[in-house]
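K.L.:
The primary structure of each chain is shown beneath.
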Amino acid sequence: MILSGRKISFTATIACILIFSSVSAQENLLDYNNSLKFARYLKSTGQYDFAMEEFERLNFHWPQDTTICLELVQTYRLNRQCDRLDNSFELLKDNIYRHQSLKAAEEYLAFSLTCKSESDRFFDVSSLLQPREKSFYNLSYYWVTQRYDSAFVYCNENKDLIMSNNPGLYSLTYNFENEKYKSPALAALMSVIIPGSGKAYSKRWGDAIMSFLFVGSNAYASYRAFSKKGVKSVNGWIFGTLAFSFYSANIWGSAKAAKTYNTDLQKRYQDNAEIIIYNSF
Amino acid sequence: MRKLLYIILFSYCLITPAGAQDIHQMKKFSDEQYTAGNYRTALKEYQRVLFFDEQNEYNDLYSRIASIHYRLSDLGSAIRYYDLAQTIENNDSIKFELSLKKALCNFKLGNYLEALNELYDLPGHSSAYLQNKKDLYMGICYFGLNEYDNSQEYFSEIVDSAGAEKVNTLFSDFERFNKKYRPGKVELMSMFLPGLGQIYTGHTFNGINSFILISGVTVYAVITTINYSLIDGLLVLSSWFYRYYSGGFTNARNFAVEKIEDEKTRIYSEIFSLIENHQIRITE
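Here the protein sequences line up with chains V and W, keeping their order. Here this note's numbering is used: the first residue of the first sequence is 1, the next is one more, and so on. Here this note's numbering is used: the first residue of the second sequence is 282, the next is one more, and so on.
It should be emphasised that the hints constitute simulated quantities derived from the structure, not laboratory data. Glycine is no exception: its CB is placed at the ideal position from the N, C-alpha and C atoms. Hints may contain errors.
Claimed, not checked - No farther apart than 30 Å at their CA atoms in a straight line, the calculated lysine-lysine pairs in the DSBU-like style are these:
id: 1; chain 1: V; residue 1: 37; chain 2: W; residue 2: 309
id: 2; chain 1: V; residue 1: 37; chain 2: W; residue 2: 308
id: 3; chain 1: W; residue 1: 325; chain 2: W; residue 2: 389
id: 4; chain 1: V; residue 1: 37; chain 2: W; residue 2: 325
id: 5; chain 1: W; residue 1: 460; chain 2: W; residue 2: 447
id: 6; chain 1: W; residue 1: 325; chain 2: W; residue 2: 376
id: 7; chain 1: W; residue 1: 308; chain 2: W; residue 2: 325
Claimed, not checked - Here are the computed distance ranges between Cβ atoms for each label pair:
id: 8; chain 1: W; residue 1: 550; chain 2: V; residue 2: 194; range: 53 to 63 Å
id: 9; chain 1: V; residue 1: 67; chain 2: W; residue 2: 543; range: 56 to 66 Å
id: 10; chain 1: W; residue 1: 337; chain 2: V; residue 2: 281; range: 29 to 39 Å
id: 11; chain 1: V; residue 1: 223; chain 2: W; residue 2: 489; range: 33 to 43 Å
id: 12; chain 1: W; residue 1: 394; chain 2: V; residue 2: 194; range: 45 to 55 Å
id: 13; chain 1: W; residue 1: 394; chain 2: V; residue 2: 256; range: 42 to 52 Å
id: 14; chain 1: W; residue 1: 332; chain 2: V; residue 2: 131; range: 40 to 50 Å
id: 15; chain 1: W; residue 1: 525; chain 2: V; residue 2: 244; range: 15 to 25 Å
Generate the whole structure from the sequences, applying the supplied hints.
P.N.:
Have a look at this one:
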């Protein structure tokens, strides 16, 4: 009886040694920890396609893992996979609303801003944040969706909060609100009076000089031809027609130059705002 | 009962490793993917192997990963991995080959100077195959940098005497061609007689068009000067002449540059077919 007990305990010991040695002799590279480590390595080296595949596999095996969901959405954002935005919300929904995770909420908002997505859901999620973060994300939303009037109003209403926490974005919004635009009508009118002056008003100095010279030289040549040979002067009519064509084209061109100036100005502000916003994530 | 326990125990020991993916199995799987041409999958899994290879058993994978990047046309990453492979490699011949591969990536990216730097760092090699490969790459780099004398010298090194003669003829013809269509000269021709440079480079219609436009404006300006006054004539010229005149000779210059580039491409492929037929030690 004692012998049989010894035999059983010997067998059990051998069993334990064999099981532990067989498990510890090799490391499973596809288990949770190793896959997560490797996925993070891929993400940190900018191999977002591969990182997405790893996180998606992890998410499939461990769907309840909030860390994986969060990092998967972050990888989607870094890889600009905007078609996964709705899917990302589904992944983070529980985390945002049930667990009140601010990280998950901020990740979703950052992804929405990256995709310039317009949705009421944005404000639902941002309302869960602290006032400081909320003001930044809301103002950023108005900027990336190019709702400038709303951005000015929001910035003025939350002036102190934004100025203290995001001075760069505040001063950009303030400067943009007080920026002087060029009037296309005024530019056209200026070119009616002095050819090329409308383009000078829009800071197109080279164009302005060339327009003035073309219209001026052709008009002067026409004037001289008509003065010398009267209305029957062929040169007078040729140069007169050319001068008139340049003159009228220049009026239209001046209005267009003012519009282009305004568009360029707006684009410069928009680009700067996006740099500030995207560098804040 | 004990027998049954042993059977269960050993079965478990056999089954457990089959379910898990250890580094060696992963390497084997990656190799299979690579052999099957599934380079994307192989790339990812090789990286996984390297990432978990704490014993540095698979250092040869850096070079393999570099070659996958090269095949996938990601030449920047290929250079980075060839660099890593070179750092840990001890064998001089393999190091030499890795440098050549880096140079190849660089000149495929058009970075001829960087490729040349890489090649200059290489010492002479006792293997004729490797030395010839280096000379070939040097020739290509100098050709890409428009340094034709140096390029000719290196290309001549790797072909037999008949081939070297043909290389010399090719380069002499190309030099004559370059002189014939020197952009500055063609530009001057169009300054002297509008349209002449364009016609000289084979763009006859463009040349005639330029000649008619500029001579038309000039004739009209002369007529105006005769009928009216010099100021009126100059006014006619001022608006139109400069625009068509300067546009004309700039076009002529561009046509000359384009023609030389086309000839350069033709010569380049001719050199390669010549090397294929007259190589002396290029095969391993």
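K.L.:
Any hints this thing doesn't respect? Which numbers, in order?
P.N.:
As far as the earlier hints go, not one is violated by this structure.
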